[in-house]
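Number 1425 in the numbering used here belongs to position 440 of the sequence shown; there are no gaps in the numbering.
By construction, these hints were calculated from the structure, which means they are not laboratory data. Glycine is no exception: its CB is placed at the ideal position from the N, C-alpha and C atoms. A few of these clues could be false.
Claimed, not checked - DSS-like, lysine-lysine: derived pairs with alpha carbons at most 27 Å apart:
{"id": "1", "residue 1": "K1235", "residue 2": "K1447"}
{"id": "2", "residue 1": "K1447", "residue 2": "K1408"}
{"id": "3", "residue 1": "K1408", "residue 2": "K1159"}
{"id": "4", "residue 1": "K1159", "residue 2": "K1059"}
{"id": "5", "residue 1": "K1159", "residue 2": "K1447"}
To be verified - Now the in silico label distances, taken between C-beta atoms and shown as ranges:
{"id": "6", "residue 1": "R1446", "residue 2": "R1415", "range": "41 to 51 Å"}
{"id": "7", "residue 1": "G1416", "residue 2": "G1038", "range": "50 to 60 Å"}
{"id": "8", "residue 1": "R1415", "residue 2": "P1010", "range": "17 to 27 Å"}
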Amino acid sequence: MSQEKPVSVERMLSRALHRIRTTPPRIIASPATQPRRAAVALVIRVVPSPTSGPFPSDAPIPTLSEFFELDWAKDPTARAEILFLRREGSGSSDGVPGSNVLKNPGASDANPKGKGKPEANVAFPGGRMEEGDEGGLYTAMRQTWEEIGLDLAERDFTCIGQLDDREITTSLGKRLLMILSPFVFLQLTPHQIHTDPALGTSIHWTPLATLVGAVFPGRVSGEMESKARWSSVTVDAASRLTPRHAAILKVLVRVLVGSMQFPAILLDLSVLDDHSLASTSSPKSSALSKDAAYSSLTQDILEKGMPSGQKQNKKKKGERHQLKLWGLSLGMTLDLLANMVPPSSLPASSVLPPPPLSVSSAHPPQQQLHSDSESPFMSGMQLPFCPVGGEGLRIDTVAPSLASVFPRFSYPDVNFWIWVFGKRYREVVRGWEASMRGGGSNDRRINWTGTTLNTFYAAVRKALIVVIVLRAIGVIFGLAFAGWWIIS
């Protein structure tokens, strides 16, 4: 994989968007007991080269196929970007199926003990469907307008399509909270669009090349790969398993169960480069000129509605700014990237063993990993983690988003018991793989995602019960032995 000639990210993006447009998403109907739904917007743009233009404001809007044939869009120095946002001061959120995830699917209880600076987590604009919304698409557009002032109904944007629905549950999958629908949008014009983020919200236009470099090593230049690397987010398990104000119980559960760790992509980006000028003063879109264009090198552009001519930023030039993409936001990003590479892109003899995250964990007996020749649906992704309990399976080949939301616990015995009780979970994943090998005839009729989540979290609940009981028995025997030793 690393020996392959780098491919244009814009070309990969074109393939992904055409595939999303022509592939019907998996729609999950809301049960009568929980009708709540939500939607988010994945907004993509292609930044033209500073030397391109000028661009006429009355140019006709191209179709999706025509867009990637435009000279400025297929220019080698053009850059595809995806919009993330960071919400300051929001409450704790799972970043995985759980409560509060809608307003900040990337934020979490990371650093639960208050040590160090809070982690900068990013998410997509979106939120809950409200009464009067005409559907998920309307909700995604409305929430984007309310949060960052970006009107996706303008002629500059087009809705490419929808990714698969996903279920948002409580932390251990015991109760369904709502159904989340992600919609993909593309800006079809080279103009800079005015934004007006809500107070405490910052916008981050991140080059897709940085994400492609992390997920598809060797497909982009080394400079882009160095801008993003795999990391992890540690979440206090006690915050998921105990009532909010039960301080003593939280301490007890923290000692007995430990913490959970989720995979994340760390975007290590410079805040301000020589070319980082992103004026958003005009209330309407304006054509980019050579002197007032999208930055050609800046990896992270913060659009705060700066007044015209204001080019200063509180961040020092060259200062590093680290953002973490994880949880539901990472899962939706991986689903988008999985559409970029055709299944036949990898050599048939290659094998991709996914090493686990760098945490203390038990490693049950490994089964032989599937080779790409055995996985015709293999997207070519190289994810450096494997969900606990799924060793020997390539869950990332059938659903990359699921691989990103399954936790690994800090205590090895917890991971071991999850593997012990994960037989049903592994059977479901193998059934999913068999369905896709057979052409996906059952893929749309069966809610594989929900079934996989339910069986995995059932194994987690059983494992936690066993671990807590064994620890309690150990404590009782320890106290009894200590009492006997003191008395004798």
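A quick look at each hint next to the structure:
1. K1235 / K1447: Distance ~19 Å between K1235 and K1447 Cα, so the pair holds.
2. K1447 / K1408: Holds, at roughly 12 Å.
3. K1408 / K1159: holds (19 Å)
4. K1159 / K1059: violated (48 Å)
5. K1159 / K1447: Given pair K1159, K1447 holds - Cα atoms ~12 Å apart, limit 27 Å.
6. R1446 / R1415: 41 to 51 Å: Because 22 Å falls outside the window, the suggested range is violated.
7. G1416 / G1038: 50 to 60 Å: Cβ of G1416 to Cβ of G1038: about 53 Å, so the range 50 to 60 Å holds.
8. R1415 / P1010: 17 to 27 Å: Given a distance of about 24 Å, which is inside 17 to 27 Å, the answer is holds.
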